[in-house]
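S.K.: Residue strings, one per chain:
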Amino acid sequence: MCGEATGGILDFCTVYRFLDVFPGWLESIVVLDGLASWLAYALAGFFLAFLVINTVVMATALNTWFERRMLARFQARLGPNRWGPYGLLQPLADVAKLITKEDTVPDAADRPVFNIAPIAFLAPTLLVVAVIPFGENSFLGKLNVGILFIVGVTSLNTLAIFMGGWASRNKYAMLGAMRGVAMLISYEVPMALAITGVLLLGGSLALSSIVEAQQVPFLLVQPLGFLVFLAAASAEMSRTPFDQIEAESELGAGYHTEYSGMKFAIFQLAEFMAPIITALILVTLYLSGAKAVGPIPGQLMFVGKVVIVVFGMLWVRATWPRLRVDQIMGLAWKGLFGLALVNLFVVAIEVQVFRDLNGVVSTQELWVMAGINWMVTAGALVLFANILGQRKLRRPEPVPSPLANMSAEAD
Amino acid sequence: MTRALSGQELSRRVNEAFPGKASRFNDADVWIDTEALLDISRFLYETPDLDFQFLTSITAVDYIEYIELVYHLLSMRLNHSAILKTRCHTRDEPKVPSVVEVWRGADLQEREVWDLMGVHFEGHPNLKRILLWEEFPGHPLRKDFLG
Amino acid sequence: MTIRTEPVTINLGPQHPSTHGVFRLRVTLDGEVVLDVEPVLGYLHRGSEKLAETRSYVQVVTLTDRLDYTASMSNNLAYVRAVEKLAGIEVPERAQYIRVISAELQRIASHLMATGFLLNDLGAFATPLMYCFRERERILDLFEMLCGARITLSYMRPGGVFQDAPEDFWPALGFFLKDMPGYIDDLEGLITDNEIVLARTRDVGTLSAEMAINDSITGPILRASSVQWDLRRADPYEVYDRLEFDIPIGSVGDNFDRYLVRIQEMRQSVRIVEQCIRDIPDGPIRADTEYFMRPPEGDAYAAVEGPKGELGFYLVSDGGIAPYRCKIRAPSFINLTSLRDMVVGWKMGDLITTFGSIDVVMGEVDR
Numbered sequence: 001m002c003g004e005a006t007g008g009i010l011d012f013c014t015v016y017r018f019l020d021v022f023p024g025w026l027e028s029i030v031v032l033d034g035l036a037s038w039l040a041y042a043l044a045g046f047f048l049a050f051l052v053i054n055t056v057v058m059a060t061a062l063n064t065w066f067e068r069r070m071l072a073r074f075q076a077r078l079g080p081n082r083w084g085p086y087g088l089l090q091p092l093a094d095v096a097k098l099i100t101k102e103d104t105v106p107d108a109a110d111r112p113v114f115n116i117a118p119i120a121f122l123a124p125t126l127l128v129v130a131v132i133p134f135g136e137n138s139f140l141g142k143l144n145v146g147i148l149f150i151v152g153v154t155s156l157n158t159l160a161i162f163m164g165g166w167a168s169r170n171k172y173a174m175l176g177a178m179r180g181v182a183m184l185i186s187y188e189v190p191m192a193l194a195i196t197g198v199l200l201l202g203g204s205l206a207l208s209s210i211v212e213a214q215q216v217p218f219l220l221v222q223p224l225g226f227l228v229f230l231a232a233a234s235a236e237m238s239r240t241p242f243d244q245i246e247a248e249s250e251l252g253a254g255y256h257t258e259y260s261g262m263k264f265a266i267f268q269l270a271e272f273m274a275p276i277i278t279a280l281i282l283v284t285l286y287l288s289g290a291k292a293v294g295p296i297p298g299q300l301m302f303v304g305k306v307v308i309v310v311f312g313m314l315w316v317r318a319t320w321p322r323l324r325v326d327q328i329m330g331l332a333w334k335g336l337f338g339l340a341l342v343n344l345f346v347v348a349i350e351v352q353v354f355r356d357l358n359g360v361v362s363t364q365e366l367w368v369m370a371g372i373n374w375m376v377t378a379g380a381l382v383l384f385a386n387i388l389g390q391r392k393l394r395r396p397e398p399v400p401s402p403l404a405n406m407s408a409e410a411d
Numbered sequence: 001m002t003r004a005l006s007g008q009e010l011s012r013r014v015n016e017a018f019p020g021k022a023s024r025f026n027d028a029d030v031w032i033d034t035e036a037l038l039d040i041s042r043f044l045y046e047t048p049d050l051d052f053q054f055l056t057s058i059t060a061v062d063y064i065e066y067i068e069l070v071y072h073l074l075s076m077r078l079n080h081s082a083i084l085k086t087r088c089h090t091r092d093e094p095k096v097p098s099v100v101e102v103w104r105g106a107d108l109q110e111r112e113v114w115d116l117m118g119v120h121f122e123g124h125p126n127l128k129r130i131l132l133w134e135e136f137p138g139h140p141l142r143k144d145f146l147g
Numbered sequence: 001m002t003i004r005t006e007p008v009t010i011n012l013g014p015q016h017p018s019t020h021g022v023f024r025l026r027v028t029l030d031g032e033v034v035l036d037v038e039p040v041l042g043y044l045h046r047g048s049e050k051l052a053e054t055r056s057y058v059q060v061v062t063l064t065d066r067l068d069y070t071a072s073m074s075n076n077l078a079y080v081r082a083v084e085k086l087a088g089i090e091v092p093e094r095a096q097y098i099r100v101i102s103a104e105l106q107r108i109a110s111h112l113m114a115t116g117f118l119l120n121d122l123g124a125f126a127t128p129l130m131y132c133f134r135e136r137e138r139i140l141d142l143f144e145m146l147c148g149a150r151i152t153l154s155y156m157r158p159g160g161v162f163q164d165a166p167e168d169f170w171p172a173l174g175f176f177l178k179d180m181p182g183y184i185d186d187l188e189g190l191i192t193d194n195e196i197v198l199a200r201t202r203d204v205g206t207l208s209a210e211m212a213i214n215d216s217i218t219g220p221i222l223r224a225s226s227v228q229w230d231l232r233r234a235d236p237y238e239v240y241d242r243l244e245f246d247i248p249i250g251s252v253g254d255n256f257d258r259y260l261v262r263i264q265e266m267r268q269s270v271r272i273v274e275q276c277i278r279d280i281p282d283g284p285i286r287a288d289t290e291y292f293m294r295p296p297e298g299d300a301y302a303a304v305e306g307p308k309g310e311l312g313f314y315l316v317s318d319g320g321i322a323p324y325r326c327k328i329r330a331p332s333f334i335n336l337t338s339l340r341d342m343v344v345g346w347k348m349g350d351l352i353t354t355f356g357s358i359d360v361v362m363g364e365v366d367r
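Top line first, the protein sequences correspond to chains A, B and C.
My numbering puts the first residue of the first sequence at 1, with every later residue one more than the last.
My numbering puts the first residue of the second sequence at 1, with every later residue one more than the last.
My numbering puts the first residue of the third sequence at 1, with every later residue one more than the last.
These aren't lab readings, by the way, just hints derived from the structure by calculation.
These numbers were taken from a predicted model, which means no experiment stands behind them.
There's no promise every hint is true.
What the hints assert, rightly or not - Now the stretches of chain C that chain B is said to cover, found in silico as 3 or more residues with beta-carbon under 8 Å:
#1 300-312
#2 331-342
What the hints assert, rightly or not - No farther apart than 30 Å at their CA atoms in a straight line, the calculated lysine-lysine pairs in the DSS-like style are these:
#3 C/K347 / B/K128
#4 B/K85 / B/K95
#5 B/K143 / C/K50
#6 A/K171 / C/K347
#7 B/K85 / C/K50
#8 C/K347 / A/K334
#9 A/K142 / A/K291
#10 B/K21 / B/K85
#11 C/K50 / C/K85
#12 B/K95 / B/K143
#13 B/K95 / B/K21
#14 C/K85 / B/K85
#15 B/K128 / B/K143
#16 B/K143 / C/K85
#17 B/K143 / B/K21
#18 B/K128 / C/K50
#19 B/K85 / B/K143
#20 B/K85 / B/K128
#21 B/K95 / C/K50
#22 A/K101 / A/K171
#23 A/K97 / A/K171
#24 B/K95 / B/K128
#25 B/K128 / A/K171
Even for Gly, the Cβ is constructed at its ideal location relative to N, Cα and C.
Given the sequences, and given the hints that come with them, work out the whole structure.
M.R.: Set out below in structure tokens:
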């Protein structure tokens with residue numbers, strides 16, 4: 001699992017090496033026949049997974065506070081500020097409230113499916129964290145098909161949403177779930193295509209190799225891919241302007257209308273975790289992940305970038321209204337799909353032209369690619385806006401209807 | 001300024017088209033025969049120099065001996081208004097022709113009058129109670145309704 | 001291959017985040033497409049018209065507050081005008097100006113709420129709504145200076161208003177009027193050119209001029225359908241004939257036009273109030289009327305251009321101290337007539353926005 005290299009704070013290998021001592025000591029007492037290193041691996045894995053999952057959950061709790069406070073600032077109000085300093089303990093109060101609530105299950109609901117759905121919703125979100133490199137040596141599983149894993153695992157959410165919506169036996173939930181399935185499956189396509197662009201440049205499916213390949217952050221090299229990914233990812237986590245699945249002004253609460261108590265809390269947890277997870281993936285793929293810059297350790301850079309991305313997505317959420325369901329599908333298939341293809345073709349050609357015999361693209365050439373791609377992006381977006389945009393539609397000047405005449409004086 | 005058509009003028013016009021149907025009038029109002037309501041409404045709606053295309057409101061007033069329906073009409077093109085009244089002399093399910101086919105704006109208002117005053121509008125496409133529920137006993141705006 | 005589909009009937013409401021009160025829409029959907037809509041009303045029915053028959057003419061003012069609870073001033077104004085017409089009361093000029101000022105402020109407040117909730121229905125996460133409420137709050141503060149109440153005002157009386165505006169009301173009003181155009185610009189910057197707002201509201205829920213008139217639609221919805229009809233100009237009451245203002249109209253009659261008309265009307269209202277402050281004379285603020293007035297036998301109908309449309313009161317007097325009959329012509333209620341035509345064939349999301357753009361207040365619909 002670990003090479004010789006060490007470095008940085010929060011190096012997972014240090015943990016592993018530390019725990020490696022323990023089985024050695026154990027072996028001196030009992031004969032384990034080579035099970036020792038396996039035991040150390042399991043122990044370290046368990047410990048680290050515990051650590052990471054709890055960190056993510058705590059970060060989610062903080063994120064709920066952050067979102068509510070920031071949304072409040074956007075909306076010219078204060079937000080939760082009573083419980084703890086700056087209302088920081090508000091998430092605790094929320095959890096206490098949700099846990100103590102009665103857990104109701106509708107009579108007509110399909111109980112097993114109804115109960116599994118929240119877990120099926122949360123699990124894939126957490127699984128994604130397993131392959132994210134938090135630093136040079138900080139990851140739970142160094143999967144050589146990390147991206148494939150992420151794409152596969154995140155699409156499991158769709159199933160969970162459908163399970164929740166279907167099992168509730170509620171028309172609102174059903175509508176939300178139907179919308180959700182249609183939308184999430186559609187947005188998988190542009191997202192996967194955008195990621196393919198990253199793969200071409202990085203030359204690997206492993207996330208750590210992609211981070212290493214980002215001599216120049218891929219955000220600069222392929223801005224179009226970044227935008228497509230950002231839009232598709234926003235849709236995948238169903239936030240405004242794509243929050244069709246919940247659409248509180250239309251469907252009440254969408255697929256989790258019938259959920260209450262702890263199950264609802266799990267849904268909420270997964271939902272507030274989604275921006276963090278998305279930010280993790282985004283930072284890894286496009287913002288050169290946990291790369292140290294000068295004296296600043298990589299992990300710190302990583303966290304900083306994640307916070308910025310989360311804030312950006314929050315900003316969008318606070319400002320924009322929601323698209324209609326057919327407009328969302330239209331955007332996926334008419335807009336993002338095409339843009340992702342453009343990005344993919346351009347990047348593929350550039351990689352073919354610029355790479356050397358070992359298939360590596362040098363930093364200078366990355367900058368050249370960046371220059372070309374920014375122009376392509378600008379052109380593609382202008383074209384896109386002109387084809388699908390609204391402002392080109394001219395409206396007639398208002399002309400008073402002859403049916404009314406306020407100044408008429410009969411006779 | 002909206003010109004209020006006087007009762008004399010309106011009754012003269014109505015009587016020209018439907019002799020004897022606009023029996024009474026005063027300075028502001030015209031009382032017409034209940035049976036002729038729909039025809040007169042259509043006449044008022046279609047005649048170009050009357051042009052009452054806008055139905056402002058329908059009201060029912062319970063005067064105990066009779067229930068009076070008040071139609072406030074308006075012509076936006078000519079900016080004049082008129083008040084049309086008609087009386088039902090029975091309290092036991094009074095019947096009035098519905099004017100929904102002339103002014104669709106009468107739809108909800110007639111349902112409201114039916115609901116609260118118990119005037120049955122014949123020819124209304126969907127005459128159900130609107131503010132109260134179907135099983136509600138009586139019609140509360142009548143003077144003999146004791147809540 | 002054909003797939004057999006079945007329409008689904010869902011009940012939107014009475015408890016639903018975007019029905020603006022306790023209101024139920026029985027919606028038949030084919031997938032996302034609206035096939036049929038039937039409004040079911042009455043959850044907030046309090047029998048205001050019946051209650052009015054047992055109260056004296058002055059007491060009824062408090063009932064009118066609770067009709068359209070976002071626009072109490074306009075309701076007060078419509079009612080007291082009906083009483084004055086019935087009893088033949090002349091209102092002092094200063095009172096008329098104060099009434100116009102408060103009615104126009106109320107129009108701004110009501111339109112702010114309508115706009116905010118429309119955007120909320122569009123799915124904006126409460127941000128425009130909160131901005132609208134911030135501005136509305138200042139208007140409510142002004143009302144509080146006028147009469148001590150913020151929502152249910154009961155400020156007007158037959159024959160005038162209940163008290164003169166305090167000295168510090170006028171500078172406060174001046175500050176507000178100075179800030180308000182900037183607020184509206186902010187709001188427009190946030191909403192009007194937003195690509196998503198345009199995509200969601202343009203050409204959605206269109207209502208033609210002919211249909212609007214035939215359906216007895218009034219107010220901003222009628223004007224959005226390019227019918228230039230405003231009672232303040234067509235049948236001027238109080239001092240509106242001395243004031244200069246435009247009647248904004250829309251071109252197509254869709255949701256976007258309804259939104260734009262409201263925004264422009266707010267600007268015109270600011271203009272009207274500015275002129276009123278300039279012209280207001282000194283003098284008494286209430287005509288000499290008895291508390292238990294006994295208007296002569298007869299009937300009277302008086303209407304004002306409320307924020308939602310033509311708000312009219314039809315009063316019948318039998319010579320007693322209470323109205324014999326008090327009919328309320330509620331614009332929100334009648335504006336619901338054409339809801340079905342506006343939304344059938346559109347998507348579920350459009351149903352919500354169209355309903356939001358009609359701007360109904362259940363207190364007025366159910367009375």
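S.K.: Hey, C/K50 versus C/K85, does the alpha-carbon distance stay inside 30 Å?
M.R.: Cα-Cα ~21 Å, so holds.
S.K.: Can you confirm whether the C-alpha distance between A/K171 and C/K347 stays at or below 30 Å?
M.R.: Holds: A/K171 and C/K347 sit about 16 Å apart, inside 30 Å.
S.K.: Quick one, are A/K142 and A/K291 close enough, alpha carbons at most 30 Å?
M.R.: 17 Å, holds
S.K.: Within 30 Å, alpha carbon to alpha carbon, are B/K143 and C/K85?
M.R.: Holds - the C-alpha atoms of C/K85 and B/K143 are around 24 Å apart, at most 30 Å.
S.K.: Is it true that the CA of B/K85 sits at most 30 Å from the CA of B/K95?
M.R.: 14 Å, holds
S.K.: Is B/K128 within 30 Å of B/K143, Cα to Cα?
M.R.: 21 Å, holds
S.K.: Mind checking the alpha carbons of B/K143 and C/K50 for me, to see if they're no more than 30 Å apart?
M.R.: 9 Å, holds
S.K.: For the pair we were handed, B/K128 and C/K50, check the Cα-Cα distance against 30 Å.
M.R.: Since the Cα atoms of B/K128 and C/K50 sit roughly 20 Å apart, the hinted pair holds (cutoff 30 Å).
S.K.: Would the pair B/K95 and B/K128 pass a check requiring their Cα atoms to be no farther apart than 30 Å?
M.R.: 15 Å, holds
S.K.: Below or equal to 30 Å on CA atoms is what counts here, so check A/K101 against A/K171.
M.R.: 24 Å, holds
S.K.: Run the distance test for B/K85 versus B/K143: straight-line Cα separation, threshold 30 Å.
M.R.: 19 Å, holds
S.K.: For B/K85 and B/K128, compute the direct alpha-carbon distance and say whether it is at most 30 Å.
M.R.: 23 Å, holds
Comparing the model with each numbered hint stated earlier shows that all of them hold.
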